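4 protein chains.
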Amino acid sequence: MPQRQVINASVSPKGSLETLSQREVQQLSAAGSGSIYTLFRQCALAILNTGAHVDNAKTILDAYHDFEVRIHQQDRGVRLELLNAPADAFVDGEMIASTREMLFSALRDIVYTENELDSQRIDLESSQGITDYVFHLLRNARTLRPGVEPKMVVCWGGHSINTEEYKYTKKVGHELGLRKLDICTGCGPGVMKGPMKGATIAHAKQRMSGGRYLGLTEPGIIAAEAPNPIVNELVILPDIEKRLEAFVRVGHGIIIFPGGAGTAEEFLYLLGILMHPDNRELPFPVILTGPKSAAPYLEQLNAFVLATLGEAAQKHYQIIIDNPAEVARQMTEGLKTVKQFRRERNDAFHFNWLLKIDEGFQRPFDPTHENMANLQLNHALAPHELAANLRRAFSGIVAGNVKDQGIRLIEQKGPYSIHGDPAIMQPLDQLLKAFVEQHRMKLPGGAAYVPCYRVVS
Amino acid sequence: MPQRQVINASVSPKGSLETLSQREVQQLSAAGSGSIYTLFRQCALAILNTGAHVDNAKTILDAYHDFEVRIHQQDRGVRLELLNAPADAFVDGEMIASTREMLFSALRDIVYTENELDSQRIDLESSQGITDYVFHLLRNARTLRPGVEPKMVVCWGGHSINTEEYKYTKKVGHELGLRKLDICTGCGPGVMKGPMKGATIAHAKQRMSGGRYLGLTEPGIIAAEAPNPIVNELVILPDIEKRLEAFVRVGHGIIIFPGGAGTAEEFLYLLGILMHPDNRELPFPVILTGPKSAAPYLEQLNAFVLATLGEAAQKHYQIIIDNPAEVARQMTEGLKTVKQFRRERNDAFHFNWLLKIDEGFQRPFDPTHENMANLQLNHALAPHELAANLRRAFSGIVAGNVKDQGIRLIEQKGPYSIHGDPAIMQPLDQLLKAFVEQHRMKLPGGAAYVPCYRVVS
Amino acid sequence: MPQRQVINASVSPKGSLETLSQREVQQLSAAGSGSIYTLFRQCALAILNTGAHVDNAKTILDAYHDFEVRIHQQDRGVRLELLNAPADAFVDGEMIASTREMLFSALRDIVYTENELDSQRIDLESSQGITDYVFHLLRNARTLRPGVEPKMVVCWGGHSINTEEYKYTKKVGHELGLRKLDICTGCGPGVMKGPMKGATIAHAKQRMSGGRYLGLTEPGIIAAEAPNPIVNELVILPDIEKRLEAFVRVGHGIIIFPGGAGTAEEFLYLLGILMHPDNRELPFPVILTGPKSAAPYLEQLNAFVLATLGEAAQKHYQIIIDNPAEVARQMTEGLKTVKQFRRERNDAFHFNWLLKIDEGFQRPFDPTHENMANLQLNHALAPHELAANLRRAFSGIVAGNVKDQGIRLIEQKGPYSIHGDPAIMQPLDQLLKAFVEQHRMKLPGGAAYVPCYRVVS
Amino acid sequence: MPQRQVINASVSPKGSLETLSQREVQQLSAAGSGSIYTLFRQCALAILNTGAHVDNAKTILDAYHDFEVRIHQQDRGVRLELLNAPADAFVDGEMIASTREMLFSALRDIVYTENELDSQRIDLESSQGITDYVFHLLRNARTLRPGVEPKMVVCWGGHSINTEEYKYTKKVGHELGLRKLDICTGCGPGVMKGPMKGATIAHAKQRMSGGRYLGLTEPGIIAAEAPNPIVNELVILPDIEKRLEAFVRVGHGIIIFPGGAGTAEEFLYLLGILMHPDNRELPFPVILTGPKSAAPYLEQLNAFVLATLGEAAQKHYQIIIDNPAEVARQMTEGLKTVKQFRRERNDAFHFNWLLKIDEGFQRPFDPTHENMANLQLNHALAPHELAANLRRAFSGIVAGNVKDQGIRLIEQKGPYSIHGDPAIMQPLDQLLKAFVEQHRMKLPGGAAYVPCYRVVS
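Residue numbers (this note's numbering), protein chains in the order written: chain A, 192 to 648; chain B, 192 to 648; chain C, 192 to 648; chain D, 192 to 648.
Calculated from the structure, these hints are not laboratory results. Bear in mind the structure is a predicted one, so any value in this text is a computation, not a measurement. Where hints are given, some of them may not hold.
Stated by the list, open to error - In the SDA-like style, the derived pairs of lysine to any residue whose C-alpha atoms are separated by at most 20 Å in a straight line are: (1) Lys361(D) to Lys527(D); (2) Lys371(C) to Ile392(B); (3) Lys205(B) to Arg370(C); (4) Lys361(B) to Pro420(C); (5) Lys547(D) to Arg370(C); (6) Lys361(D) to Asp279(A); (7) Lys527(D) to Thr354(D); (8) Lys547(D) to His560(D); (9) Lys358(A) to Pro420(D); (10) Lys547(A) to Lys361(B); (11) Lys371(A) to Pro420(D); (12) Lys205(C) to Ala573(D); (13) Lys358(A) to Thr354(D); (14) Lys205(B) to Asn331(A); (15) Lys205(B) to Ile392(A); (16) Lys371(D) to Met286(A); (17) Lys361(D) to Ile392(A); (18) Lys205(B) to Lys358(A); (19) Lys483(B) to Gln509(B); (20) Lys205(C) to Lys624(D); (21) Lys362(C) to Ile392(B); (22) Lys358(B) to Ser212(C); (23) Lys506(C) to Arg471(C).
Said to hold, decoys possible - Simulated coverage check for chain B against chain C, where a stretch passes if three residues somewhere in it have a Cβ under 8 Å from a Cβ of chain C: (24) 284-296; (25) 393-401.
Just so it is clear, CB atoms sit at the ideal spot from N, CA and C, and this is done for glycine as well.
Okay, chain A solo, but in the shape it has when bound (with noise of 0.2 Å):
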């Protein structure tokens, strides 16, 4: 671990934390302990290693395992107090305003979740009441622009891919940018950055101000994926489907960018979802695309989609190799087609309330061994009940390789054993192996990946 320098700061809020009630900040100042405060020092950190490489939790939570943030009350609203911050995060002894911002921002998610679900208003028995939750969350973090007409793209793909992907995902995101559309990600490295450095240079290149760098992130991933420091709106969603949700309601248009087994989970999510009878005529635009280098990458997972939820499946996405310009041209066209839509059912253009997402992938996935051995895993469901339950096998995947708790339940019980119909669990073994290949599990810590999964068909 290299010298690391901490400093101790006082800061005051920006946004919507600056005018509390007395009882909002009472209730802030209790969460300075208990299990909601373990989780915003967590996040807190994280925010404060802003642009710092390092994707494991646990080794920025061992490296400033002294740092303290504590929540003030004072008349005029709320105060945190840092104790042995790092020290990057501050320019001569001030904050970054972005820090700040993104600090408040964790502090007002994660006070805001707790505060709704104690209310009578949030009813997350229903599916209904789970979306009505994902809105508010996002509402009360500003994200919803009433009026505004569908522009916000989101791009997922890996958090360490090779430096030739990362530059292809800037260029898309430059010809992104030059459109004057705006980017969502998952708010760290890799392709979560890319896109949205790329753009960046284009908004300014057209001369538009206010584009959006939108980051959707949770507690268990934030820290192994602090945002990156050109996000300009962060929202923290309690668990993995909420931040899911929040996505596709959110998102006008999605491009899939070569990833590890958490690409994989965000793409099985979101062809399950656009496979419900519900939505067949709702427009959705879906691209993957790569360089040139990624293409095998790309066709395998399109081989595995083909074998595992048949050809329906393909027709809600299109795949351009190579054609960055090609990729905003067409994620351009399927915007008008969305907005058209959008105007013609009166739909608001801030969120996507006419997408049916079934409850099953709503309700939160809790990757014990047990569970993930008792998934079901073959072609005697419809397709898109098959593509929910891959979803959660990746989603256990992810967990394993990168989440604080995940991490500690492979070294406790050894790798999750995942069972099925061969015909899915062989494309599946030869997906997650040829990432392992390709170095898409590689944790950037250095050591081999040692899987955390054994497939058994």
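Given the coordinates of chain A, assemble chains B, C and D onto it according to the supplied hints.
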């Protein structure tokens, strides 16, 4: 009544109601019937009559007896359909922007009020809970602007003053505006309009855009005192007490112009609070002012305070006769003290958290004949408690004069009886008689004023 | 004269004079003496009297005979030192922002005018050169906003109209403002103020910030017609003819309210231009309007046009009596035609390049007794040439009534003689007599109006 | 040469050319031929190649030999028609906004330059006249923003530095940007781009919109150093000397990174001015900096200054090795002194009027073989005069290396001879040799560098 012109129209929201969740829209639609509907319809009608000079709720309600407002749900959000609406609210078929804004302010406040009460967040049983509730309502209306220096001046006084007094309020508003101060009033005609009008011209002269003309009202009074067209922020608090608390928490200083019973009520409310021992050190500039012709009135009010609440009460305000520039200068000085105090005590500029308001001032007073008859009005009470009861007495008189329900009650049961210590009842009786003689309690409707009370010492 | 209050102050520029070269500052300082100084001092005094109701240049000049304005150079730029300035222009020792702006507008226009003439750029010998000059002056004043749709409505009419007529102009301005149109006037009181005042309130109602209240004046008239306080852009053109050209090049439509000789002058100027064969196809909405009581006046003006310029002239305007909303609707319709025409012909929205203005209308007319006596007023002339001469006749009468120099001339040499064809002289005489009878030529000073002309047929 | 893609297009102006008089448009159209056209075409081509990495004017000119730009007049204003323009400047057929802006900046500056010279306003015979001219050009380009605190940092250095040095300039720019400072460079690649790129990211982190990336160039250099795409304000000064004067009048401090002959020229120019006795008390922060690997280079430059201009010269700058944050901190401190000085002396923040620039530095130096041979380079001269001549020597070398005309001259007549005092010529020769050894004078074209000069002592 002149020939009325009506129009049917459909309008979409502007402001915070642009982003509603599906459940919130359902709640709004559901509000299309029942008591909330009656309330909303009445407020909507008052707003659509903005600028009309009618100050009797019944007159408007009768004139547009067939007016209807329907709340429609669509995926996109909420939409209002208006039937037989006053045509003056439209230009070439399109609703005037400020009217649209106010209409949705009413929808927002009336429904939000209900929602908040339903949630478990609000504890109306405790004093702090009520204050928090007022805070939430104001914040939801986007009235609280963090970081802005104290410059919101509340102007209280009559809604049907004479021309000379009206011109004087314009001049005072002009002098306040030249010093870049904002105006907050009860949002109707008379004193509620004059200072805003003067400030508008002065703000334009000072090339200051973003001047605020904040109107605080409540459902029982809005029909009688329709928002004047200069108001650019409208908040409808749920009752008189919340509205009064909003005035003193959001305003940084208060100017009291000549008025009738309503003004006296506000003045006594203010004195009762400022005389509370906990507020001893809290700076709060209060100025009584009027043109030369109003000097006897102001002197009488001053004498009434001396006779009932004593010399200590007089320290909380100053009287300035016929000198608009001096009023503005003194207010500017006072605001500097407020700013310094808040800074030292670390209190917010946008909400006066440190001001102690006794629960007695926060509880709604229901002016039944019985409650009016039971009011304790004697020197055995602490001055701030006596002030509270005197305030209630005036509150009842206002209800009997201009409020829909109060008028009906007086029609049924005859005038209220008010009992008390002669040393208090005599000055009270004199003051009220003077109000009648000075036509401060005559209703513009036309007929001579018939008192809605009897003072019994 | 009431007790005047004066103040000494030093002010720095706002706007285009903030960045001057050293040479430009030297030129300005040098302007601290000589004829430019006299001109600037006079304009400055008028501006500092903004809002005062005096319409005789001499009155103001006499009241502040010891007023001085000194132009100081400093490395940073220019600074004005004011001695014995009217105290009303200041609030607590600081100059009101709009007054400061106008003061530097005057400095800018008066000095820029000189500079431009000195440079070789401007060719005042040719018609196009004069138009270019007007364009440069307006552009330098930042009056030309590219790309903004046609919505600048010029309002002409008397500066000392009666209360009913004044209220009517406010109502028309209000209806124009509700339709989001901007107002341009001669920037003094009466018709020059009413429409701006009405539009200000209407713009606020429509939540439209950035409404423009453009005042075009000239040095000879500014002292008599001090800019009203609503004007938020002030341009001082060098003489009557440049000012008139500025009106018709920058305005997209014109409304003519009742007025006296000055209004007649403007109306004839406009007709003379619109009747020019080259302008046959050019749309230019012109509306004559007034309250019911002004109907006879408007009819008489209409009859005068028929008698002197013929039926063809009447096609260029419409008359609307007592219907502010209809005036605004017709103007809105007319502006649509203007927009379409400019688009088709590829003309700028911000300057009416395609309007042909004959050189005769561009050359200053010096109203000496000799020039007035020599005016050709007979039907041998083409209608647009006759219009030009009638315009000159009225111009002389205005000078004799309200302009410093004109008044002195009449004091010395007695009234002007105006000669011409009886078929023209008789209607002219009738019109002028009617103006006198209707008190449209009486000066507010007090004494009865003594005509400054004799009509000789 | 790679396959070039071309496009034909027609574009309308944005910015100050939107409002032109008819005469001005005629002048522009007339510029469609002759020497101004050649100049404009060349600049336009460079701008359309923004982002391309070619630094030899001839290469671009040859690649697009059939490129044409035509200036069309229409009533509305001016329009440019482009034939065979580089396709990279367009997105889906529409020109990128920044390119369009820069294109019209070029038209504005090249034509305005001519116009100003034609007018009598500009007196290029006097030193103050030249300064006024530079001021007018900058003001016309809307570069001068009154009232903004000193924060424009000029970065000088090579356009073809190595990767390590380039990354270092980005880091310094990042640290400057974190401290909310603006960047001004010569607007090409290398040192002209790195600091802007770093500052862009830092400004985004600090949520600072409106960061300025000012590029100052001149017609002879723009083709070789096409504006990088981050530049958001472009000004084309008429020649090297005006450009250098613009740098030191508009910049508040200067950072010098490693570079070649051009950088040495700029450094000597700066020293010559700062050593002038009149500028003794004038604060002007100058920092030489580079990564560790550039330390020898910086030391050699420092030694050259000592050997030729003496110790006194060294007091005007500090050297900081490999410490971007320290560079930014020192610059921030320096700017505070500048601000205080300007305030005390009442000088503008936006233009350094008080800086004395000797006429010798203002006059263009024509690098003919004769002029180069005649340069006085000996210790008999005052230090600031010697600096002036050394500057001219480097200026000639730059011309011979990268400028169209200079290259052709060297092709015709062989290398320049430079004569002088051995005590000066020896360090000069060493410095130039070191530049060659360090590849600071190699052209990216490819071939080994052939010196365009001979040092003769």
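### Indices of hints not satisfied (ascending)
Violated: hints 1, 5, 7, 8, 10, 12, 15, 18, 20, 22.
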